[in-house]
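Visitor: Using the sequences provided together with the hints, build the complete structure.
Residue-level listing of the chains:
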Amino acid sequence: MAPVAPAATSAAVALPATVDGARNATDVMFLQMVLAHHEPAAALLELGQSKATRADVRGLAGDLATALAAETRTITGWLEAWGEPLVSTAHADAHAAHGGLPALGDKEIAELGRTGSAEFDTAFLNMLIGHQHGAVELARMEATSGQNPQVKELAKRTDETTRAQIQQLLRMVAG
Amino acid sequence: MRRGITLPLLTVAAIVASLFVAISPAQAHGYISSPASRQAMCAQGRVANCGDIVYEPQSVEAPKGSMQCNGGGTRFAVLNDNSRNWPTTSVGQNVTFSWVLTARHATSTWEYFVGGTRIAVFDDGGRQPAANVSHNVNLGGRTGRITVLARWNIADTINAFYACVDLQVGGGGGNPPPTTQPPAPACGNAWSASAVYTAGALVSHNGRRWQAQWWTQGETPGTTGEWGVWRDQGACG
Chain A
1 MAPVAPAATS AAVALPATVD GARNATDVMF LQMVLAHHEP AAALLELGQS KATRADVRGL
61 AGDLATALAA ETRTITGWLE AWGEPLVSTA HADAHAAHGG LPALGDKEIA ELGRTGSAEF
121 DTAFLNMLIG HQHGAVELAR MEATSGQNPQ VKELAKRTDE TTRAQIQQLL RMVAG
Chain B
1 MRRGITLPLL TVAAIVASLF VAISPAQAHG YISSPASRQA MCAQGRVANC GDIVYEPQSV
61 EAPKGSMQCN GGGTRFAVLN DNSRNWPTTS VGQNVTFSWV LTARHATSTW EYFVGGTRIA
121 VFDDGGRQPA ANVSHNVNLG GRTGRITVLA RWNIADTINA FYACVDLQVG GGGGNPPPTT
181 QPPAPACGNA WSASAVYTAG ALVSHNGRRW QAQWWTQGET PGTTGEWGVW RDQGACG
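Order-wise, the sequence lines are chains A and B.
With UniProt numbering applied, the first sequence has no gaps in its numbers, which climb one by one up to 175 at the end.
With UniProt numbering applied, the second sequence has no gaps in its numbers, which climb one by one up to 237 at the end.
Because the hints were derived from the structure by calculation, they are not lab data.
Model, not experiment: these values are computed from the prediction.
Built from N, CA and C at the ideal position, the CB exists for glycine as well.
Hints should not be assumed to be uniformly reliable.
[Unchecked claim] Residues from chain A that keep clear of chain B, each with C-beta distances beyond 12 Å, as calculated: (1) Gln49; (2) Thr53; (3) Ala69; (4) Glu111.
[Claimed, not checked] Quick list of simulated restraints, FRET-style, between CB atoms: (5) B:Cys236 x A:Ala69: 31 to 41 Å; (6) B:Arg118 x A:Asp106: 32 to 42 Å; (7) B:Ala190 x A:Gly105: 46 to 56 Å; (8) B:Pro63 x A:Gly113: 47 to 57 Å; (9) A:Pro16 x B:Gln233: 42 to 52 Å; (10) A:Val87 x B:Cys236: 29 to 39 Å; (11) B:Thr147 x A:Pro16: 30 to 40 Å; (12) A:Ala110 x B:Thr117: 36 to 46 Å; (13) A:Arg114 x B:Met67: 35 to 45 Å; (14) A:Gly83 x B:Gly225: 51 to 61 Å; (15) B:Thr198 x A:Gly77: 34 to 44 Å; (16) B:Pro63 x A:Ser50: 23 to 33 Å.
Guide: Next up, the structure:
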């Protein structure tokens, strides 16, 4: 159980490529849900990079997309090392039982794509903020109920960095 | 022997159970991000010491009908505290309120109040809201500092989501008065290249305050970029 190296510059950079074998159901589900959560985010961020009017909004969409892609690769590696599926059937059912989560699906992203340029930036930022609140919820679930030290460290950093991102995004949307 | 089947089923049950225990209480929801509501002011760090609301500004949920910023009850009472000097946003007579939604509950109405008077209502007729919700509201000639209370009434529960927005309303034309700015805070401890800082640590460097977003050592504030470890907190004196 080697300790996890602290993050150097972003949540994506310093994640260890290897992961301890010991885990519980929450660890596995957390990683699966983060992957599921990143998938629509990637589509959203791509739209933001191509369609946002403000340069700072396009810039942050690019930065986040890069970080998210790196994290997706690491998490995929961890789940594969464990021999666990990348997608959990339990979580799809649970989403349905939630009566609407996630808020960000293909339909919503298509709707955003049709938004006029005057409203696009605000609409994009609000959707991204809403989506990032979901990441904070997932991370706090893992911090409470997870077991694996690397996964718990990832959750801790996801909680901290995502809330810092939300701070910045809220300032952008309010300003 | 059925043991080989029983175990995986139990595992699935455990996963589903832990999911509902962990996620369901939040289920999450929405708030006004622009102009910034009180919970948005807390979540973006412009107002300090707000408590748990910084983790879930989207969760100000309470039974319908309250006229309080936290919807009544005991949770998030900080939102009712007018002594907090909530920063205002400068606006004209027509204001577009836009919402962050983290779950799109079927909606009866969206209501906006000033001082106990309902100034606008939008009836969704029980439909699920669009991915992006914004409403244009006319302030009816009100000027000066006002607090708008917004209520998002959910169609299929007894609850609503509450958000208060503090506004400085100009006369319509011309330049609105500047948004209230707190005085520059004291600089405090200078950054040290050898020290270890963890998330939330505050240092000063080159006349500005910086907050660490996570563990760091030997990274100079001002060189780590907008999304880097050191977040600029503005000038200090």
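Visitor: The structure should be examined with respect to each hint, and the outcome stated for every one.
Guide: Each hint tested on the structure:
1. Chain B leaves Gln49 of chain A outside its interface by the beta-carbon criterion, the shortest separation being 15 Å against a cut-off of 12 Å.
2. With a minimum CB-CB distance of about 15 Å to chain B, Thr53 of chain A clears the 12 Å threshold, and the non-interface call stands.
3. Its beta-carbon lying about 14 Å from the closest one in chain B, Ala69 of chain A satisfies the requirement of being farther than 12 Å from that chain.
4. In this structure Glu111 of chain A is not separated from chain B by more than 12 Å, as the shortest Cβ-Cβ distance comes to only about 5 Å.
5. Remark: the range hint 31 to 41 Å for Cys236 of chain B to Ala69 of chain A is upheld by a beta-carbon distance near 36 Å.
6. Between Arg118 of chain B and Asp106 of chain A the Cβ separation comes to about 37 Å, which falls inside the hinted range of 32 to 42 Å.
7. Checking the proposed 46 to 56 Å range against Ala190 of chain B and Gly105 of chain A shows it holds: the Cβ atoms sit about 48 Å from each other.
8. Between Pro63 of chain B and Gly113 of chain A, the C-beta spacing of about 37 Å breaks the proposed range 47 to 57 Å.
9. Between Pro16 of chain A and Gln233 of chain B the C-beta distance comes to about 31 Å, which lies outside the given range of 42 to 52 Å.
10. Distance hint check: the CB atoms of Val87 of chain A and Cys236 of chain B are about 48 Å apart, inconsistent with the given range 29 to 39 Å.
11. In this structure the supplied range 30 to 40 Å is violated for Thr147 of chain B paired with Pro16 of chain A, their Cβ-Cβ distance being about 49 Å.
12. For Ala110 of chain A and Thr117 of chain B, the Cβ-Cβ distance of about 39 Å falls inside the hinted range of 36 to 46 Å, so the restraint holds.
13. Take Arg114 of chain A and Met67 of chain B: their Cβ atoms lie about 37 Å apart, and the range 35 to 45 Å holds.
14. The hinted range of 51 to 61 Å is not satisfied by Gly83 of chain A and Gly225 of chain B, whose Cβ atoms lie roughly 38 Å apart.
15. At about 27 Å, the beta-carbon gap between Thr198 of chain B and Gly77 of chain A misses the expected band of 34 to 44 Å.
16. At roughly 43 Å, the beta carbons of Pro63 of chain B and Ser50 of chain A sit outside the given window of 23 to 33 Å.
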